[in-house]
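Asks: For reference, the chains in residue letters:
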Amino acid sequence: MQITLNGTPRQVAPNTTLAELIDEITQDRTRVAVERNRAIAPRAQWDETVVADGDEIEVVTLVGGG
Amino acid sequence: MADPIRIRDYSFESRLFVGSGKYRDYDEMLACWDASGAEVVTVAVRRVDLNHEKEERNLIDVIDRERYTILPNTAGCYTVEDTLRTARLSRELGLGDLLKLEVLADEETLLPNAPATVEATRQLAGEGFCVLAYTNDDPVTAKALEEAGAAAVMPLGAPIGSGLGILNPTNIKIILQRATVPIIVDAGVGTASDVALAMELGIEGVLLNTGIAKADDPVRMASAMKHACIAGREAYLAGRMPARLYASPSSPREGRFTES
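Chains as they are written, first to last, in numbering that gives the first Met the number 0: chain U, 0 to 65; chain A, 0 to 259.
All the given hints hold, so there is nothing to weed out.
SDA-like cross-link-like pairs, simulated, lysine to any residue; straight-line CA separation at most 25 Å:
1. A:LYS172 / A:ASN135
2. A:LYS21 / U:ARG30
3. A:LYS142 / A:PHE11
4. A:LYS172 / A:ARG239
5. A:LYS213 / A:GLU27
6. A:LYS213 / A:SER161
7. A:LYS213 / A:THR108
8. A:LYS21 / A:ASP63
9. A:LYS21 / A:VAL218
10. A:LYS21 / U:GLY63
11. A:LYS213 / A:LEU196
12. A:LYS213 / U:GLY63
13. A:LYS21 / U:ASN5
14. A:LYS21 / U:VAL62
15. A:LYS172 / A:ASP137
16. A:LYS21 / A:LEU109
17. A:LYS213 / A:GLY20
18. A:LYS213 / U:VAL62
Just a few of them, taken from the derived set where beta-carbon distance is under 7 Å, the chain A residues facing chain U:
19. VAL42
20. VAL47
21. ILE59
22. ASN72
23. GLU91
Everything labelled a hint here was simulated from the structure, so no lab data went into it.
Even glycine gets a Cβ: it sits at the ideal position worked out from N, Cα and C.
Make a model of the complete structure from these sequences and hints.
Replies: In C-alpha cells:
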C-alpha cells in the first residue's frame, strides 16, 4: 500500500505501525514529532497506530531558525 | 543588580534572545550563543530529510537544555491552520509551551499577516501555549494580540533579515505605553546600536538572528549585541537627560580668567 511521507509517495507493508515507520527514518524517536492526516499523532500511540493506505504523514524535527 | 525579563512563569537574566539560523555550522552557532549571553534561543520546525536524517547531527542534540530555553517558531507559515499545526508539532517535540508565533503575509516582505496572527494567537493561547507574537510595529495590532492572549508582543524593528534597524521608534513607544505584557523587538536589528536604541525605548528585550549570524565576525558581533542590550537597558533605567537645542557648558562660566 502507499502513503505520503513528508510529501513523498512511499510504499509500506500492510500492518506497519507508526513506530516501525519512524524507526526506518530516524535513529532517535525523541528527535521527531509526527502528524497523521493533519492531526498530531501522540508519541504514546505510535506503537499501536497502524498506518493506513493513503495516509499523509509528516515527520518533523528541529532546524536552525530565527 | 538582578533585573530579569519575566514572561508569565518564565524569568531570564539576559534580555537578548537569539536565533539558530544562517550559521556556517553548529560550532559557530554555539560560540555565538555563548558570547551573546542569551538564555533563550529560537528554532524552526521542518520535515525530517528522509535521505540524510540518519547521518546528520541534529540541532536537538547540540542544544544544552540546562543552559538554553528553546523558543520554537512558526516561521514559514502563511495561514492560521499551518501555524496551529506547526505549534502543536513543536509542543509534541517536547519543547514546552513557549512559542514564537508568526504568520507571514508573503515571501518577498515576510511582513506579518496581522488578522491571521491575532486569530492564531487566540487559538493557541486557548490551547495553553505561552505565545510570543511576532507582529508589525502597529500599536492597534499589538493591543489586539494582547487581548487575544499573547504572553508577549514582538513588534518588528524592520523586515526580517533586513538589518535596517528600528524604523519606527515612535510606534514602538506607543505600543509600549499601552502594553500590559512584555514588548520585545524582533527582527530587523542590524548592529549593536540598533539593540541599544531599542532597549533605551524601554522595551523588555530584543530577539535577533541575522545581525549576528551574517556579521563578518559573528562571535564578536554576538558579544557586541550582548553589551548593547545591557547598555540600552541600563540607560533606560538610568533615565536620560533631557535633550535641548542649545549648548550648556559643563565647565563653570564663573571664575574664568580669560577675556571675553
